[in-house]
Each structure stands twice: as C-alpha cells, then as structure tokens.
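K.L.:
Quick note, the sequences are listed as chains G and H, same order. Quick note: the first sequence uses the UniProt record's numbering, first residue 1, plus one each step. Quick note: the second sequence uses the UniProt record's numbering, first residue 1, plus one each step.
One thing to keep in mind: the hints can contain errors.
Below, simulated DSSO-like cross-link-like pairs (lysine-lysine); rule was C-alpha separation at most 30 Å, straight line [what the hints assert, rightly or not]:
no.: 1; chain 1: G; residue 1: Lys132; chain 2: G; residue 2: Lys332
no.: 2; chain 1: G; residue 1: Lys253; chain 2: G; residue 2: Lys355
no.: 3; chain 1: H; residue 1: Lys132; chain 2: H; residue 2: Lys332
no.: 4; chain 1: G; residue 1: Lys229; chain 2: G; residue 2: Lys253
no.: 5; chain 1: H; residue 1: Lys148; chain 2: H; residue 2: Lys332
no.: 6; chain 1: G; residue 1: Lys58; chain 2: G; residue 2: Lys132
no.: 7; chain 1: G; residue 1: Lys148; chain 2: G; residue 2: Lys332
no.: 8; chain 1: H; residue 1: Lys332; chain 2: G; residue 2: Lys58
no.: 9; chain 1: G; residue 1: Lys132; chain 2: H; residue 2: Lys332
no.: 10; chain 1: G; residue 1: Lys332; chain 2: H; residue 2: Lys132
no.: 11; chain 1: G; residue 1: Lys332; chain 2: H; residue 2: Lys58
no.: 12; chain 1: H; residue 1: Lys355; chain 2: H; residue 2: Lys229
no.: 13; chain 1: H; residue 1: Lys132; chain 2: G; residue 2: Lys132
no.: 14; chain 1: H; residue 1: Lys58; chain 2: H; residue 2: Lys132
no.: 15; chain 1: H; residue 1: Lys148; chain 2: H; residue 2: Lys132
These are calculated hints, taken from the structure and not from any lab test.
2 protein chains.
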Amino acid sequence: MTEVAGRIEIYGQCEIVMANTTSLPTLQDVAAAAGVSTATVSRVINFPAQVAPATRAKVEATIAQLGYSPHFGARVMAARRTNTVGAIIPTMENAVFARGLQAFQDELSAHGYTMLVASTGYSAANEAEQVKALVARGADALLLIGHKRDQAIYDFLAAQGIPTIITWAFDPSSGRPSVGFDNAAAMRDMARQVIDMGHRQLALISAETASNDRAMERYLGIQAAMQDKGLPEENLLFIETSYGIEEGAIAFKQAMSASNPPSAVFCGNDVLAVGALRQARDSGIHVPDDVSIIGFDDIELAQVAYPPLTTVHVPHREMGRLAAAALIGWLKDGTPPNTVELLAYPVMRSTLAPKD
Amino acid sequence: MTEVAGRIEIYGQCEIVMANTTSLPTLQDVAAAAGVSTATVSRVINFPAQVAPATRAKVEATIAQLGYSPHFGARVMAARRTNTVGAIIPTMENAVFARGLQAFQDELSAHGYTMLVASTGYSAANEAEQVKALVARGADALLLIGHKRDQAIYDFLAAQGIPTIITWAFDPSSGRPSVGFDNAAAMRDMARQVIDMGHRQLALISAETASNDRAMERYLGIQAAMQDKGLPEENLLFIETSYGIEEGAIAFKQAMSASNPPSAVFCGNDVLAVGALRQARDSGIHVPDDVSIIGFDDIELAQVAYPPLTTVHVPHREMGRLAAAALIGWLKDGTPPNTVELLAYPVMRSTLAPKD
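For reference, chain G alone in the conformation it holds in the complex (with noise of 0.2 Å):
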C-alpha cells in the first residue's frame, strides 16, 4: 500500500476499473425509467423496426441516459460469455504493435478466446467509438495502449463491467492494471549512454506527444539524463513528426541542418530511425562515424536495417503473452490482475559510436 496523489491505492488491486460495478442499470432499470415494459425494451433492443417510432426514440434515449448495455445485461443475467477479446492498437503499420498482439493472440486462442483488434490510426476519436463498438459487439475483455485517453472511456468501461489492461506503458499510480514497460525510464538509460559516450548535441524525432503519453515519456526521459550529465535543456533539438519512414527521413534533414547540428539523434520509434538511417544514405552522412542514431521498439525493421540499429528493445511478445494471462485470469476470478512491469532496454547494435 502507498500513498499517492493524497489516496491510498492498493498496488495491483486497482479496484476503480470495477468500482462502478455493482450499480449497473439492467432492463428493468429502463424499463422503469422509460415507463415501458421489459418486453418492448428488448424488442427496441433487437427488432427495432417493430417498435412505433416515438417508443423507440424514448427507450433508445433512456438506454444511452442510463448507459445500458444490452450485452452486458446478459452476461450479468445468464454469466454468459462470448470468448471474444478485443484489442485496440494506434495503428497496424510497420508492425510496432504487430508482434506483441499476435503473442497477445496466441495465448488467447490456446484458452479458447478469439481476438478482434481495431486500429484507431493514433486518432482518439476514433479510439472512443472503437471502444464502444467492441463492447456493443459483446467483447468480454479489452487491451488498449497507454494510459493517456479521456476519463469517459474509463468510465464506460468501468460501467460496463469490462475488464481493461492497459499495455505498452507503466504507471503504477493510475491505478489500472497493466502489464508494461517504463518508456521514461528506458529511454534515460539509452541516453545516459550516449551522453557518456561524448555527446552533448542532442537531437529526438519524435511520435507526436500530445495524445500519445509513450512519445511524451521518452522525451522526459532524454530529458532527465541531459539533467542528471549536466547538459542544458537547448542542447536538444526536439522535433515532433507523425509516424513513418518517410516522416522520419525528412525530419532527419531537418535536424542536419540546423546551425548546430546534433552529433546525436534520437528517434521516438524504429520506424522513424529507419528513415532517418535512409535519409543519412542518401545524403552522404556516414552512420555512426558522422552522425549517431538511435531507435525505440527493437520491431524486425530494427535488425534488417545497415547498418544494424542500436535501438530500445521492447519485450514485445512477453508484454502481448502476460497481457492476455491477465485478462484470462481477470475473467475466471473476477479479480483485476497484478500491474507487471517489464524491462525494456538498450541494444547496442552500429549505429552508436563514441563522439570523438
């Protein structure tokens, strides 16, 4: 137990994911408030066309007012399941999220789940209804990236009785479970090595950090080992990008030709590094002995790169293997699981080299 944010939280318990619970409206409950019967509140439900069009407007209101769900009202009535558990992922390009959710995958389908993944192209719009239409479709469990996300989603899920792990990311204060890593913490440790090597111009392309708390924490923490060295905050040249090689090609021109150019670049992701690496090529850089670069995600692309990228290696299929234990585990007990951290950490490949 630890205090945090003036609230005693129990570690790995994480009972505000369930705390709403035990008020969940049911179809009496709409029945009531709409002042129709049961019956017609399921045939609203299910053959809408039968219902005259004034009725149904009036349960169809009250259902939303309430936040009602059909689906969840059956498992509640007749603890029935639909083995269905759905994943939603920023994007299905470049295969950043793609290995940890097929490990994610496999551990489901050898205990009887099918997974459904919908991508929300890093929009949080879209992530939102996607939460929805997943919990519409009867999912009985969800996974999502990272913490960031408006309250009203947590909420849903949480009236909805939807047992959700948060992956990719650690936070223990949140109070959600999640089976993650510490992006801040990563990165730090990969940039204390390369300020240690000699290098005091600084440069990161990164992911934008505005809806994606994975790109802000690698930031603060190139941040935190420029603090701990001594280095000031302007040796940094901080570029946000979206995300792809091309994006990171031309930002990586950018960063070259700034009036102090970094003898170091940081990149949020290995899908940016790449382009970055390409960009080099093309331009007659030499990597490592001009310039360094330095990836986030250790993703194949990292590995067939040339040269090799030294990159942050992300366990990505022990994140996706332990994310669907916990979920399985959550559905059989009833009980949110234990937040796992797990380690990501630098690789050293050839695309570091001491600043001389």
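Chain H: place on chain G using the hints.
P.N.:
Relative to chain G, chain H alone:
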C-alpha cells in the same frame, strides 16, 4: 459471359455468393421446427439462463440444424446494420497485410464503418472459427485473403447473407467478387526478366503452398516463365518454409549449399527475402555480384533493406481502398460488385544483376 466448368457464369456479377439468401431460415422457422413459441427462441438466444435446460437444448439444436443466425434474422427483419466490417488475415506480423488493411479501414471509416480484424496464424481451422465469431458478433461484411478455403465456409457465408470480398488474389473463374492481383502472372513477369539476364540455376524460398493459394501461384508463375524460356524444371530448387526472417535466412543457407547452387534466389515474400539478404551478408556472399535475391510484396522492409530489394510491387493501399469501396457499395444496394484486377509488377532495385 463465359462457360466455366460446365456452368454459365456472369463475370463480376457473382450471384453464387448470394444464391442461398432467399431461403434463409427465420425465427419463425426455428420456432415451428422446435415446437416452441418465437418468444422462447428469442429468449434462448438472448437470455439462455431463463430457459429450462431441455427446451434450451432443443432450440439450440434446431438453430444449429437450420443454420439460423439471430444477427441475420434481425437484419432481415429490421434492415438493422451494425456498421462493422470484419477482416480476417493470415498474420499481423511483418506488415505484409497491414498497409492494405490500414487503407481498407481508412475507407470504411470515412463511410462510418468500424473494422474488426482477426488473424489466423495461417491456420484454416482458425479462419473457420473466426469467420463464425465475426458473423456472430454482427459483422455486416467480410474481407478474406485468397480464394482457397473449405467450401463449407463459403456456404456458411452465403447462408448468412454476408457480403464477402476476396483480396490478394485474382481468379475470375471462381465467381467470387474480388479485388486483387494475379500472383502467378506477376511472378512470371519477374522470372522472365531474371532468366533473360542469364540466370539458369534458380531457387524459390516459398511460404507453405498447401493452404496458401498466393504462395502456390507464385511458384506456378516461376515454372511458367521457365517453360517459356526453355529451362528444364529441375533447374529450380524449391524450398518451402514457414514465414519469417529467420526462416528465410536458414533456407538461403540451405539453397547455397546445394551441389548446384542458384545464381538467383526468388523469395515468396519480402520477409523471407530480407532473411536471405541478412544470411548472405553474414556468410560473406555479395548481393547481387555473387547471387541475386528477389522478393515479393514491396513492403517497407524492401526499401530499407540494404541493398534495397528488387521485388514485385503489390498495390496494397489501392487494393484495400477498392475492397472497402466494393463492400460499402454492396451493403448499400445489395448488388455484388464487379471483380477488380489490379496490377502487381516487378520493381528493380539493387539485389538483381545479370549473370556474367
């Protein structure tokens, strides 16, 4: 119009898929066959715990026997859609399907549909289950990869009236709406160029062909080019392996240690090719001076590999976008779309050179 296998087919109309929709069982049919009221059938579906076990078993058996789907029943009765479209792909790893799928989703999303994805791990049994799971979760329509699967799956989808589009393949004789490309012709075009460059000893590192029609067609494409150019069949070393960078590396090593090693190594996809490329580097074999390596797919791996990979470009984004447009139109007006053939073509980069 053309006659295929003794049966008249109308190109691009593909009425076969929708053929059984007129005889779909209704809720009433189930009730009559089980000798219960429609309310009881509805209760079995929605609140099974409220129904006596014997009655429930009888109704469930009747539902299974008639192939009744509550979701489709609801749709027929109420023209009620869930605005969810399912996509079932062999794997999420390595981004082979990711880019096309992202474009598929973007187009769906612009029209108010949510995409849910399931991945089979190249298992036919998984695919069959996932088809059922997605239909049960209310998918309005499905995207599938390739034509080859148990006829029972097509029968099930036809009985449920689920518009289904085939992608990543082109076979107008199938009578199924598809948006894809001719795998055999694309690989044949590439192989002709390779042979014209003087290569006589060839190898193909292929994904498993038994349940993967795309892999099989790529193999047939090379054989066709060899026949055109008068190369005997035994000049092709055929190695089948499962899908991965590591597997590509191992297979390449095996190919190069043959008594008559190839001067050009085709790979069934870019992932295997990148593995071969890595193995060549590790073995001190120079590409393309010592041996040429050719991929298939043109995913980003191909462009960031070093040397950049000569490969067959697949129009991923266009295929995804057009597949979505085809399904959206089909859902809107009930008419199956025309089958669309896109062009996949050789892209010359730096891993193929003339045989001296």
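K.L.:
For every hint, state whether the structure bears it out.
P.N.:
Hints versus structure:
1. For the hint linking Lys132 of chain G to Lys332 of chain G, the alpha-carbon distance of about 23 Å falls within 30 Å, and the restraint holds.
2. For a cut-off of 30 Å, the pair hint linking Lys253 of chain G to Lys355 of chain G stands: about 20 Å separates their Cα positions.
3. The hinted pair formed by Lys132 of chain H and Lys332 of chain H meets the criterion: a straight-line CA distance of about 23 Å does not exceed 30 Å.
4. Restraint check for Lys229 of chain G and Lys253 of chain G: satisfied, since their Cα atoms lie roughly 27 Å apart, inside the 30 Å limit.
5. The suggested pairing of Lys148 of chain H with Lys332 of chain H holds, with an alpha-carbon distance near 27 Å, which does not exceed 30 Å.
6. Taken as a hint, the Lys58 of chain G and Lys132 of chain G pair is honoured in the structure, with Cα atoms around 21 Å apart against an allowance of 30 Å.
7. Only pairs whose Cα atoms come within 30 Å are accepted, and Lys148 of chain G paired with Lys332 of chain G is accepted, the gap being roughly 27 Å.
8. Using a Cα cut-off of 30 Å, the hinted pair Lys332 of chain H and Lys58 of chain G holds, with the two alpha carbons roughly 28 Å apart.
9. Restraint check: the Cα-Cα separation between Lys132 of chain G and Lys332 of chain H comes to about 23 Å, which is no more than 30 Å; the hinted pair holds.
10. A C-alpha spacing of about 23 Å is found between Lys332 of chain G and Lys132 of chain H, which places the hinted pair at or below 30 Å, so the restraint holds.
11. For the proposed pair Lys332 of chain G and Lys58 of chain H, the alpha carbon gap of about 28 Å is at most 30 Å, so the pair holds.
12. Annotation: proposed proximity of Lys355 of chain H to Lys229 of chain H holds, straight-line Cα distance about 16 Å (limit 30 Å).
13. Restraint check for Lys132 of chain H and Lys132 of chain G: the C-alpha separation of about 21 Å stays at or below 30 Å, so the hint holds.
14. Proximity of Lys58 of chain H to Lys132 of chain H is assessed by CA-CA distance (about 21 Å); at most 30 Å being required, the pair is judged to hold.
15. Under the criterion of a C-alpha separation no larger than 30 Å, the hint pairing Lys148 of chain H with Lys132 of chain H is consistent with the structure, at around 17 Å.
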